Structures are given as C-alpha cells and as structure tokens.
Amino acid sequence: MTHMSPRVAVSNTGPLISALQCDCMHILLQFYDQIHIPADEIPEYRKHGADPEIKKLLETGFLVVRQDFVPEETDAATAIAAEIANHRATRDKNPQHHLTESFAIVLMLRSNSQAEELLIDELAARDVARLRKVPVIGFPGILIRACRQRIIEPEDVLSALEECQRQGTHYSPKLINEIYSNLKRP
Amino acid sequence: MKKNYAPHEPEEEVLSAADAIQDAEQSEARWQAFEKGEKMCRVLVELPQPAFSRLEKLALQRKRTVSHLVEEVITGLVDVFVLPEEKA
Numbered sequence: 001m002t003h004m005s006p007r008v009a010v011s012n013t014g015p016l017i018s019a020l021q022c023d024c025m026h027i028l029l030q031f032y033d034q035i036h037i038p039a040d041e042i043p044e045y046r047k048h049g050a051d052p053e054i055k056k057l058l059e060t061g062f063l064v065v066r067q068d069f070v071p072e073e074t075d076a077a078t079a080i081a082a083e084i085a086n087h088r089a090t091r092d093k094n095p096q097h098h099l100t101e102s103f104a105i106v107l108m109l110r111s112n113s114q115a116e117e118l119l120i121d122e123l124a125a126r127d128v129a130r131l132r133k134v135p136v137i138g139f140p141g142i143l144i145r146a147c148r149q150r151i152i153e154p155e156d157v158l159s160a161l162e163e164c165q166r167q168g169t170h171y172s173p174k175l176i177n178e179i180y181s182n183l184k185r186p
Numbered sequence: 001m002k003k004n005y006a007p008h009e010p011e012e013e014v015l016s017a018a019d020a021i022q023d024a025e026q027s028e029a030r031w032q033a034f035e036k037g038e039k040m041c042r043v044l045v046e047l048p049q050p051a052f053s054r055l056e057k058l059a060l061q062r063k064r065t066v067s068h069l070v071e072e073v074i075t076g077l078v079d080v081f082v083l084p085e086e087k088a
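Line order of the protein sequences matches chains A and B.
Here our numbering is used: the first residue of the first sequence is 1, the next is one more, and so on.
Here our numbering is used: the first residue of the second sequence is 1, the next is one more, and so on.
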C-alpha cells in the first residue's frame, strides 16, 4: 500500500456471508484494505460452510481477527448484547446469541480504532450501534455504492441480492425490487 | 456447481431499501472525506478477462489484493516515467 492509512472496516458475520453467497467478495476487496472481525465470528463462518474461503482471506491479511478485548470491553459487549436482545426488532431474545455483533460494535468504539464503518445488516444491532454513533453499512448498501461507482450494473445488484435470498438470507422481494428500481432510475 | 452458504440469522429482521440507500450515501461521503484527508484520488480501472483473473491469482499468491497491485503498478510507472520527465 502506498497511502498512509489503510481503509479499514469492521464486519459482522452476515455481510461477509452475503458477499460469499453472491460471489461479490471482489467488491469488498476493492473498497477496503482490511476488514477486522472479532474472534467469536470464526466458529460462525465454519457453521455457514465458509471456513476455507475465510481462511484464505485471513491468509492474505484482508481479514484480521481481533481477540485482544480487555475485561471492560467484554463487559461493554455483554451490555450491548442485552440491549440488542431487548430490542423490538429482534426475535432472538437470548443475549448470548448477540455477542459477536456486540464485540464488533465494541471494536468500532475503541478510541484508536482505524475502522471507518461497521458492516451489519440486522436491524436491532444497527439501531444499537447507531445509538452509540457507530457508522454502519449493510451489504445491500455496499452493492449500491459499487453500482454507483460503475463497478457493477443494476442488474448485477439485482441478481446478487436474489442469489443471497435464494440461499436463505433475509432480503425481502420488496427490499430487492426497491433497490433495483432506485438504481435503474435515470 | 456453485457453492452455497447457510444464511446468517435468517429469522432476524434486516434493514429496509431506504436504509440501504442511506447507508450507501453516507458511506460514500465518509470515504470521500477519508480520501481527501489522505490526499488520494480514486480512479476506475476496467480490466478485460482473462487479465483480471490472472491478476487476481497473482494477488492471492502475493497475499495482496488486485486493488493493491494496480495501485503499486501505477505508482511505480509514475515514479519511473513521469517524475524524471518533470525534473528534466
């Protein structure tokens, strides 16, 4: 890299899985120099069947695992997880199940964090992150940016989101059609 | 055959289209400010296939990304050809 500061983001599991589902990891590789993830996400990628792909991205240094959480940060993540579990938009009321996204938020809150934004799709966690003034972007937003930069076409955004949906990701037909119509608008 | 990946938390409610559009706009503004701060200018490079795939393979072997390699090559070219010409 010839520029001074790397372009860094933190990611929750969902957006990286979506990028793999629709074969759009190349877009993330163009937008960012590094994506930091909390160590708790690693078993989740294994569960999603993405272990080899994630391993390769770790080897290139594009993905960086962060596990250096001090006790205060672990406490903060626990409190954030409880807040997400209590949010009206979540169906999963078990705070333990929201710890990975909470650690991702904690990474963003570090005073020395180099990360510019948090990649996250779930509504409840996004709300909780925003309350803490953490800048967020979901995977559909990444595709929209890529389309506006002419990296991909509106039809590519449509097929990418439909492919994620086909593989079970919770992008509704309404969400997909509205984004496509917006991108097609002159 | 295309590999499939199990979805992440498929029961959870996700963002709306309006959220996604706002995300993209705010993110673009953030990165434009970042680039201004770093004195960087963005260029769009369109590579035909198989050049892109070859570069992608090379980048992976070198533990780099395609963007990094393109950036290094262009910067190198400027150092070799443009800067000496300016000095002359």
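Just so you know, not all the hints are guaranteed correct.
[As the list claims (entries may be wrong)] Which residues of chain B face chain A? A few of them, derived with a C-beta cut under 8 angstroms, are: (1) Glu-9; (2) Pro-10; (3) Glu-11; (4) Ala-20; (5) Ala-24; (6) Gln-26; (7) Ser-27; (8) Gln-32; (9) Cys-41; (10) Ala-51; (11) Val-66; (12) Glu-86; (13) Lys-87.
Since the hints were made in silico from the structure, they are not lab data.
Keep in mind that this is a model prediction, so the values were computed, not measured.
Where a beta carbon is used, it is the ideal one built from N, C-alpha and C, also for glycine.
Against the structure, the hints:
no. : hint   : in the structure
1   : Glu-9  : holds, 6 angstroms
2   : Pro-10 : holds, 5 angstroms
3   : Glu-11 : holds, 5 angstroms
4   : Ala-20 : holds, 4 angstroms
5   : Ala-24 : holds, 4 angstroms
6   : Gln-26 : holds, 7 angstroms
7   : Ser-27 : holds, 5 angstroms
8   : Gln-32 : violated, 11 angstroms
9   : Cys-41 : violated, 11 angstroms
10  : Ala-51 : violated, 14 angstroms
11  : Val-66 : holds, 7 angstroms
12  : Glu-86 : violated, 18 angstroms
13  : Lys-87 : violated, 20 angstroms
Of the hints listed earlier, those the structure fails to meet are numbers 8, 9, 10, 12, 13, in rising order.
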